[in-house]
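Undergrad: With the hints as a guide, bring the two chains together.
Protein sequences, first through last, are from chains A and B.
Residues -6 to 234 in the numbering used here are what the first sequence spells out, letter by letter.
Residues -11 to 386 in the numbering used here are what the second sequence spells out, letter by letter.
Hints listed in this document are in silico derivations from the structure and should not be mistaken for laboratory results.
In this text the structure is predicted, and so the values were computed from the model without any measurement.
It is possible that part of the hints are untrue.
Here are the simulated lysine to any residue pairs, SDA-like style, with alpha carbons at most 25 Å apart [stated by the list, open to error]: (1) B:364 with B:383; (2) B:293 with A:51; (3) B:293 with A:9; (4) B:183 with A:150; (5) A:198 with A:120; (6) B:18 with B:2; (7) B:256 with A:9; (8) B:18 with B:56; (9) B:200 with A:96; (10) B:373 with A:74; (11) A:107 with B:182; (12) B:183 with A:27; (13) B:256 with B:182; (14) B:200 with A:100; (15) B:293 with B:376.
Footprint (simulated), chain A over chain B, 3 or more residues, beta carbon under 8 Å [what the hints assert, rightly or not]: (16) 313 to 321; (17) 359 to 371.
Covered stretches of chain A, as calculated for chain B (at least 3 residues, CB under 8 Å) [claimed, not checked]: (18) 127 to 141; (19) 180 to 192.
Even for Gly, the Cβ is constructed at its ideal location relative to N, Cα and C.
As a plain string of letters, each chain reads:
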Amino acid sequence: MTPQILVVDDEERYRHLIRVNLEASGFSIITASGGEEAIEKMFTQTIDLIVLDVVMPRLDGFTTCERIRQFSNIPIIILTAKNDEQDRVRGLNVGADDYISKPFSATELVARVKAVLRRTQNSGGITQKRFFIHGDLKIDFAHAEVYKHEKPVYLSATEYRLLIQFAQNAGHVLTAEDLLVSVWGAHYRDDKEILWVSIARLRQKLEDNPHVPRHIVTRSGLGYLMPVHSDDLRERKPGNE
Amino acid sequence: MPLENDQSLTQKYRLLLSINSLATQNPDWKDAVLAMVNCAQEVLHCDRVIGYQVLSESLTPDIFFAHTYQPEVDEDQIISSEEFATDLVRKGFALLAPVILDIEKPPASMCGVQIPLIEQQKGVLVFIRPAHCPFNPDDLQFVSFLANQIAMVYGKACALTALKRSETRQKNEVQQEDSIAFIAHELSTPIGYIKGYTTTLLRSDTTWTPEKQVEILQIIDQETDRLGSLVQNLLDSNRLQNGQMVLNFQPVRLDALMNDVISRARQKHPDRIFHINYQPHLPPIQADAQRMVQVYENIIGNALKYAPSSDVWVTINMVNEGIRTTITDQGAGIPQHYLPYLFDRYFRVPEPYSAVPGSGLGLFISKKIIQAHFGKITVTSEVGKGTTFEITLPILHP
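Here chain B stands alone, though its shape is the one from the complex (with noise of 0.2 Å):
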């Protein structure tokens, strides 16, 4: 070995230290991987170097990094490169066991190394020079440096990679099963009512008059039509979903069709008052007649289920964007911090709602269908005073 002067000494030791650095500071792998390649360059002198990924079973190497000092694009160079990785990678050398190898023609002296990759893949790290300026020991222990370096980076990365999509498949699962949850739950409310108040019409101990018989009669008939209506929200929430609900466009009034939704309302809850505006002479829209019905009795009955002693007020106008109808009641309004949820997917409005039953589906399946008629729906409430719904559609479909 020759005898070194301090200075270059201090100027190896500089130079392992900004690779190390760059090694550990770097966010992005590759751009790491490049910068300490750059870095090494100053005692190297390469034409080009490459990076091979090979998974144990293939042995074909693929490039996972590449970057070239020459701007002529040398194929012979690549192709051999390629044959001295995958050479390099078969004779299974152990970890960082440097060689070097002379082709025999040499378009080029290359150096290359073993990269500790993780677990099931090896890398490989090729540099290439001109055939005059051949490897000796001190470049390939520099070379081994730089790529247990790239190593700890790449390791790190995948890593990261790693946890990451664990993380998120994590989360997943508990969504998954927050959801199973909840829908068991709000499945069983109405099962434990038919169930109960069955029973108790079957009691051989003891007899009913015909008013209770009526009464019970009626609770199980509307617990039946509950869990019909949760069966047919969580199908269509799901159809929506995965993207599937087929939407039937045809032209359609929207002040009829609201005027059907009203009257039925009427029929159920002849106690309650709706106020009516609807400017004259509305165009009709392109829509589905029975997804709207189905977003407009949502709404509707949000309004007379969360706000029992308020009237009702909708209106149906002409706005630039097309046709607006308003939903408002005068209850006792959602808390602010829980208007950007509304829409999701089983969000239900804790106090003092939790008591009122609900699918936490309505609503999320009214945004989107409003969404799949290419329109909006928004909401606004202030608590103590009520809350509106607003849905604009387009007259014309964009």
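Here chain A stands alone, though its shape is the one from the complex (with noise of 0.2 Å):
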């Protein structure tokens, strides 16, 4: 199957020029003019790639990447405008694979879209899925709201990717350095009273009884999990097993 290439920028020329090339390599191409409708697009079709411009009214690229980063894996090349290693570094912590500088020309554009589905090794295009259901909770990643019951939670964005790495990694146990590097980022590693507090926060927004997790458990001396058999919910302590 061609891989189909997600094209975000804001320009309908640089759309054109960059759809231009890629489908003479043999790429099929869908655009999006802004982060909004990128995002949009990628619960509807199939994407192998995203070539996202930085420069965007509204949500800019960096954000847009970000949001992305939230539920989805899939391969990201910025455009950023300026010849900026800041932008650039900037674009790779924000979870973007690869970067070209504006102005490109049309054969390094297609050398890095190719280079970077060869390293991905993506087994081809994914739809994403829009939603996370977690028992009562219900992530929407489109709008980065959370629903409970069906009702709207209200989450501080320190909250909101606090529970999406739980929800990325449900099933699985993370230590509070893992996720006091993932959240807050690597300053935080030893910083374990923040986490203890933002997760008593989050139970509290998030659980019927916060004294008796469903949603985010504890496993004590290892880390805390989002369990996904009702088997994970017992409380194990250490030792017990």
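TA: Printed below as a string of structure tokens:
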């Protein structure tokens, strides 16, 4: 099957330029003129790779990339307008797989797209699942919204990111350090208290009874997990197993 | 020291308090100093007070403050006070070290103190009294107090000026940086397309149909034009900003000029409709034809660009002030709060127009050109209804 590439740029002429070149190299192209549209399309179309412009009104490329990474590992190449190290680093930090600096040559564009596809070994495109459901809990990735019993729950940005970590790793125990590094950043590695407080707050908002959690359970001495089997719900003390 | 009764002490405190509050309350330092000296006059009974400011390198005193309570100007007094002040500075007395100098053949008694002004500047305050009333140590203490208060006021004024200056400089720098970033961004867009589409044609791993080649070459051509006109606009705007643009005035028929502009626009946009209404027998005006074409092209171009599905209405009429051209479209219009900035350099109306290419210079240049013609350009707009530009040019220059 021809790989399908989503080209996201607010400037029509750039979308055209990228489309012309990638189509000539045998890719199939769909386009979006902004971040929201791109995210919407990920839930309805089969996509192998995203070429994402950074400078866009409303949702810029960095934010879009960050949002996509909350629910998808799809390969992303960002187009940075400035040949600016800071921008490139920021792009890679928010989860881009590669970057191309504008102005770019058509050959470079095609070569980078091919290289990233090769490297990421994508086993064919995927249509993203828009919702993640865990019991009475529902996450809408498209709008970064969380529902409990179909009623919206208002989470802070950090709380949302924390919840996403659990959703993405449902069934796996995450250590405090894992969570601190991926949600707050490397220099929070040892800041366990901030995690305790955040987990307590998250449970307060998401659990029917925060003292008997069903969505985020503690594995004493190991970490936390979002259980996928009812078996996981049993609080296990280390050494009990 | 003579024993003082309570009443006179209270009086002195009151005097010190009023001098101090004058120092802290008056926003203008010169007013403050004058008010303070006036207040001090109550106990000093001077003929004259002169404040000198000395830059440490020059040692030549500069008067920064002078007030006289004696109607006659005694030049000898002034000259000797100047020598006195220079002497005071040169001897480098410790700050506020007061000296009493009774000049040998005294036309006057003088009392001077150094004022601790700021950094490199020294100040001297000289009080002059008739020769028969010399200053006593009490007076000196009081004068020192006064000098300190003046130093405070002056220092604060200097600091404020410096702060304001640095704020302005910072603001200018930021503005300049903003405009450089803006220019770089505007230039990089067409460059990006030219690079991208040229290398598209140059790809050796694929072939393009002749139609595709023409399509791509047309884009490259358009983007090259866009780059050229951007550079031209930047040059123009720079010349206008520096007042270097020379206008070549000659008798010009605005209706004929407009016809040229519209016929070129029709060639480029055969699908667009222009409604023209000129008053017959319009007199020629003194104008730079080339520059006026530039203004008309800019405004018509904006109507075509920003109101892509609207017709364009153009009228030229005589009015009291001269000849008025109006250019109207029925596009999306411009939100009211952006209108005051429309003619500013680099201003562009954000959403929903940010995707339309533009330099933010066209209207700025147009306004400058119209102003150089002693005319006026105004805009009215209503969201959802459309936009009208009105240009009024005098027939004869004032």
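Undergrad: Broken hints, numbered, in rising order?
TA: Of the numbered hints given earlier, those the structure breaks are 4, 5, 10, 16, 17, 18 and 19, listed in rising order.
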